Amino acid sequence: MSIIRETIDVDRRPEDVYDYVMDARHMPEWQLSAVSAERLDEGPVGVGNRVRVTRHVGRRVMPMTMEVTEYDPPHSWAMRGVDGPVRARVHGEVEPFDDGRRSRVTIDVDFEGHGVGKMLVPLVVRPQVRKELPRNEQLLKDHLEHTGE
305 MSIIRETIDV DRRPEDVYDY VMDARHMPEW QLSAVSAERL DEGPVGVGNR
355 VRVTRHVGRR VMPMTMEVTE YDPPHSWAMR GVDGPVRARV HGEVEPFDDG
405 RRSRVTIDVD FEGHGVGKML VPLVVRPQVR KELPRNEQLL KDHLEHTGE
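Everything in the sequence shown is counted per our numbering, starting at 305 for the first residue and increasing by one.
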């Protein structure tokens, strides 16, 4: 399987970027396919927490559950899909530069198909994400640099 990788520089501190990305409520603000997202757990974010994300996948709207598998603030995170026909594996890194005033954000995404998802991944999901991920990172950058969150 081929990993889809994109990197962008953001004029915000790594802590700001990391906190924003790990807050599920923000997913629809910077991820074009995300219709809604909500945490399924109480308390602080950490490994094992789950998020229910509803996404546009091609012409369908599909709910899916993602589980946090790595949580190393403000450096890296990882999540994996645990249900549904299309299960993503996402890994993100936030690297400081310019004396910690700016961040380089790299996001890797890959997919595993189950059932009908075995056909959806190569035909619909990967092409959609290859187009969407650079736009998502630009939305992330724009939102963080212009809204002050």
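Keep in mind that the hints are not guaranteed to be accurate.
[Claimed, not checked] Label-pair restraints from in silico Cβ distances:
hint, residue 1, residue 2, range
1, Phe401, Thr358, 27 to 37 angstroms
2, Asp387, Glu333, 22 to 32 angstroms
3, Gly350, Lys422, 28 to 38 angstroms
4, Thr410, Glu333, 34 to 44 angstroms
5, Val351, Asp387, 24 to 34 angstroms
What the hints contain is simulated information worked out from the structure, not anything from laboratory work.
What you are looking at is a predicted structure, and each value in this text was computed from that prediction instead of being measured.
Here a beta-carbon is modelled for each residue, glycine too, at the ideal position from N, C-alpha and C.
Each hint tested on the structure:
no.	hint	in the structure
1	Phe401 - Thr358: 27 to 37 angstroms	35 angstroms, holds
2	Asp387 - Glu333: 22 to 32 angstroms	24 angstroms, holds
3	Gly350 - Lys422: 28 to 38 angstroms	32 angstroms, holds
4	Thr410 - Glu333: 34 to 44 angstroms	20 angstroms, violated
5	Val351 - Asp387: 24 to 34 angstroms	18 angstroms, violated
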